[in-house]
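Working from the sequences, and respecting the hints, build out all of it.
There are 2 protein chains.
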Amino acid sequence: MAVKLYGSVDSEATQRVQACLHEKEVEFEFVTVNTAAGEHKTPSFLACSPFGEVPVLEDGAVTLFGLNIRLFVTESRAITQYIAHKYDGNGTDLIMKDPVKLAVQTVWMDTENQRFDPPFSKLIEAATQGNRGGQDVRQYEKKLENVLDVYEQRLKESKYLAGDSFTLADLHHLPGMHFLRSTKAKGWFQGRPHVRAWAADILSRPAWVKVAAMSPW
Amino acid sequence: MAVKLYGSVDSEATQRVQACLHEKEVEFEFVTVNTAAGEHKTPSFLACSPFGEVPVLEDGAVTLFGLNIRLFVTESRAITQYIAHKYDGNGTDLIMKDPVKLAVQTVWMDTENQRFDPPFSKLIEAATQGNRGGQDVRQYEKKLENVLDVYEQRLKESKYLAGDSFTLADLHHLPGMHFLRSTKAKGWFQGRPHVRAWAADILSRPAWVKVAAMSPW
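Respectively, the protein sequence lines represent chains A and B. Heads up: the first sequence runs through residues 1 to 217, numbered per full-length UniProt numbering. Heads up: the second sequence runs through residues 1 to 217, numbered per full-length UniProt numbering.
Simulated from the structure, these hints should not be mistaken for lab results. These numbers were taken from a predicted model, which means no experiment stands behind them. Hints may contain errors.
Identical copies go unnamed one by one, so any copy, or any two together, can satisfy a pair.
Stated by the list, open to error - Taking lysine to any residue pairs in the SDA-like style, the calculated list, with each CA pair at most 25 Å apart, reads:
#: 1; residue 1: LYS4; residue 2: ASP98
#: 2; residue 1: LYS86; residue 2: VAL209
#: 3; residue 1: LYS186; residue 2: ASN146
#: 4; residue 1: LYS184; residue 2: GLN153
#: 5; residue 1: LYS159; residue 2: ASN90
#: 6; residue 1: LYS142; residue 2: HIS194
#: 7; residue 1: LYS186; residue 2: ALA36
#: 8; residue 1: LYS210; residue 2: THR128
#: 9; residue 1: LYS142; residue 2: GLY91
Rendered as structure tokens:
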């Protein structure tokens, strides 16, 4: 069975996984889940995604105890790690092999998850609700700018977050950096030349360009 | 050189790493960082922890290019993964070996990171500020209860989150479940017998009991 990605092209989490599949040159079928119509909250979807959220990856190629098991993976960052391990050898290597380098990569993946994503998600939520200048928005912007200050220092000494090569630590930021570049936050790149160069580099990768072409924003 | 953990016994992130080191039976020196006095924001500490937060793990045993390099790892969940890989074969196995099982484990680790931790952290923050009943607090409580509903379903079919054995997916929840058990949220366990049994099981592990004995809360 083919790999299937159930998602929505306007979901950052879906875009993260699309980018990963393209980087790994994995062929997949994109199955649109109409979240505007609530399709992600139907019982059949909840059966494979307990929080009722996109994306979900189905990789039917798994055999357990001689049975062909439909394998569903949820949570975008868990899906990318699954893909990177499962399709080791295909396309771009997205996971460091050396344990010390992998530890460094994990730090930056967790930094994205714990420090970049929370204020970024709040900004997206506020923008969706038409709130672009409230007190809380400024607070999230400040948090995100502090994160970018740390990235600027890091990227002075290292071409990519985890080291010399592009990895999941960078890839997980793609939807966020794409969004920031398209908003007034673009100005944040001006005083941070290494962040700007890094963003320009990762956003011009052919895998991401394909995803961006499908994005409504 | 010995393994050193720079942290604070009242920090959940520090406790997460302490629990992991005990599970893996790794000897380490605990170096208290006096966060109340702002020691985590000093230039020397910022040099090894760019966000100025505890904990930081120093593992001086790494040799690169023939040099003995002081290796600092930040971000508690990155540290636990580093320890689990580096000390493979010691103490409790905390990472699934089978790639499919590992994918399942990663889903639940990411669920903790993305769904359990954000409302939990907000509740801790509110409790620290003496706010225990505001509208925002009720909103975070509701989010966390929804997460526990999904856990209840999961734990009906599986003894631990990732499968039959205790892994990092469970371990990452220890400080949170410890805190919830000590607050009014304890009532949340009553209607969720599988969550209650799981919490009682993981909180009684000798590794966690050692950490809890040092915790001020």
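I want to check one pair: LYS86 and VAL209. Are their C-alpha atoms no more than 25 Å apart within a copy, between two copies, both, or neither? Within one copy, since 24 Å is at most 25 Å while 37 Å is not.
Homo-oligomer pair classification [GLN153, LYS184; C-alpha up to 25 Å]: Close inside one copy (22 Å), not across copies (43 Å); limit 25 Å.
LYS142 and GLY91: within-copy, between-copy, both or neither at 25 Å Cα: neither (37 Å within a copy, 42 Å between copies)
25 Å Cα threshold - placement of HIS194 relative to LYS142: So LYS142 and HIS194 pass the 25 Å test inside one copy only (19 Å; across, 41 Å).
State whether the alpha carbon distance between LYS210 and THR128 is at most 25 Å within one copy, between copies, both, or neither. within (24 Å within a copy, 46 Å between copies)
Under a CA distance limit of 25 Å, which applies to LYS159 and ASN90: within one copy, between copies, both, or neither? Classified as within; 23 Å inside a copy, 35 Å across copies.
From the Cα coordinates, with 25 Å as the cut-off, is the pair LYS186 and ASN146 best called within, between, both, or neither? Cα proximity of LYS186 and ASN146: one copy only (15 Å, versus 36 Å across).
Same-copy or cross-copy closeness of LYS4 to ASP98 [CA-CA at most 25 Å]: between (31 Å within a copy, 22 Å between copies)
Can you tell me if LYS186 and ALA36 fall within 25 Å by alpha carbon in one copy, between copies, both or neither? neither (28 Å within a copy, 36 Å between copies)
The structure shown violates the earlier hints numbered 7 and 9.
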